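A.B. asks: Based on the provided sequences and hints, a complete structural model is requested.
This note's numbering puts the first residue of the sequence shown at 662, with every later residue one more than the last.
Don't read these hints as lab results, they were simulated from the structure.
Just so you know, these numbers come straight off a predicted model, no measurement behind them.
Where a beta carbon is used, it is the ideal one built from N, C-alpha and C, also for glycine.
Among the hints, erroneous ones may be present.
As a list, the in silico BS3-like pairs of lysine-lysine whose alpha-carbon atoms are at most 27 Å apart [as the list claims (entries may be wrong)]:
id : residue 1 : residue 2
1  : Lys844    : Lys721
2  : Lys844    : Lys707
3  : Lys725    : Lys869
Restraint-style ranges between C-beta atoms, simulated for each label pair [what the hints assert, rightly or not]:
id : residue 1 : residue 2 : range
4  : Thr676    : Asp921    : 20 to 28 Å
5  : Glu911    : Gly713    : 30 to 38 Å
6  : Gly910    : His826    : 16 to 24 Å
7  : Pro777    : Gly913    : 21 to 29 Å
8  : Glu865    : Lys844    : 19 to 27 Å
9  : Gly842    : Gly913    : 19 to 27 Å
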Amino acid sequence: MSPPFPKGPAPVAATPASSVILIRNGRPRSDGFGRLEVLMVRRHVKIGVGGGAYVFPGGKVDGKDRNALPYINMGTRVRTSQFFEQARLTAFRETFEETGLLLAQKVGARGVSIEPPQQQQVARLYRWRFLQQHMSLRHFIEQTGLLLNVDQFLPFAHWITPITHRRRFDTAFFLCVAPHGQKATPDGHEITACLWARPIDILEQYWKDLMFPTMMNLQKLSRAQTVEEALFQLRRTPIKTVIPEVVSGEAGTFRRIRDDAGYEMVDQTGLHLKIK
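C.D. replies: Here it is, written out as structure tokens:
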């Protein structure tokens with residue numbers, strides 16, 4: 662096995678990031694693979710990392726998001742580490758920016774997300790301002806009077822880009838049930854398409870273009886057939902930080918991950934190393 666830190670220059674610092682796995686129950690199927698669906702978004706082809714690929718909504722953590730902490734819904738809040746706590750705020754913002762889905766509530770609504778008509782109105786008024794970086798998360802909350810349901814973003818996984826890469830991300834993955842009745846739409850800027858599909862179908866149709874962490878988390882999620890099963894499995898699986906190791910052998914280049922992180926496959930042939 663290769664040493665965990667190869668000789669040479671020190672690894673590039675990993676940029677904190679947040680990624681959201683939005684799920685819902687689709688129509689019943691008879692093929693034995695269940696009805697659990699996940700929302701994928703397609704990145705614009707000109708984006709540097711993963712351009713043209715289907716990914717989970719998400720992006721870099723913005724330190725200014727912390728200013729919104731006093732305005733989050735504390736009712737059923739799940740305790741998390743400081744890293745996941747701040748990444749949750751980014752998860753909310755990126756979900757709204759990239760898909761228009763709004764996990765927020767009116768004061769006194771007891772955790773129930775706003776209805777689609779109000780969500781559509783809020784999206785029309787504020788989504789583009791976020792995309793143009795003309796509005797902070799705190800400013801958005803002050804203007805709308807909404808509380809953020811960040812407690813619905815449940816920690817799912819923690820991945821850090823291999824130390825050999827020049828662009829690295831320290832990513833918190835969250836599992837979140839999509840708000841009922843709201844429609845996901847691409848922002849037309851960074852995101853060009855939104856797709857609801859079962860994890861197994863995404864893996865079969867788009868595996869050539871999936872980033873390695875995306876592929877692995879879809880495989881992990883595919884064990885569940887419904888939203889309820891996915892949430893049950895989440896509660897039973899501890900989160901282990903995953904830093905893939907890129908190694909070379911007679912059979913080619915592989916990504917290898919720790920075997921106690923809750924993933925069935927820990928070795929992956931490097932067919933698409935250009936996709937990080």
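A.B. asks: Indicate, hint by hint, whether the structure satisfies it.
C.D. replies: Results for each hint:
For the given pair, Lys844 sits about 24 Å from Lys721 by alpha-carbon distance, which is consistent with the 27 Å threshold. Distance check on the hinted pair: Lys844 and Lys707 sit about 25 Å apart at the alpha-carbon level, within 27 Å; holds. A threshold of 27 Å between alpha carbons decides the hint, and for Lys725 with Lys869 the separation of about 36 Å lies outside it, so the pair is violated. The hinted window of 20 to 28 Å between Thr676 and Asp921 holds, with their beta carbons roughly 26 Å apart.
For the pair Glu911 and Gly713, the supplied restraint of 30 to 38 Å holds, since their beta-carbon distance comes to about 32 Å. Look at Gly910 against His826: about 19 Å separates their beta carbons, and that is inside 16 to 24 Å. Between Pro777 and Gly913 the CB atoms are about 49 Å apart, so this pair departs from the stated range of 21 to 29 Å. Taking 19 to 27 Å as the suggested C-beta distance range, the pair Glu865 and Lys844 conforms, at roughly 25 Å.
Under the hint 19 to 27 Å, the C-beta atoms of Gly842 and Gly913, about 47 Å apart, miss the expected range.
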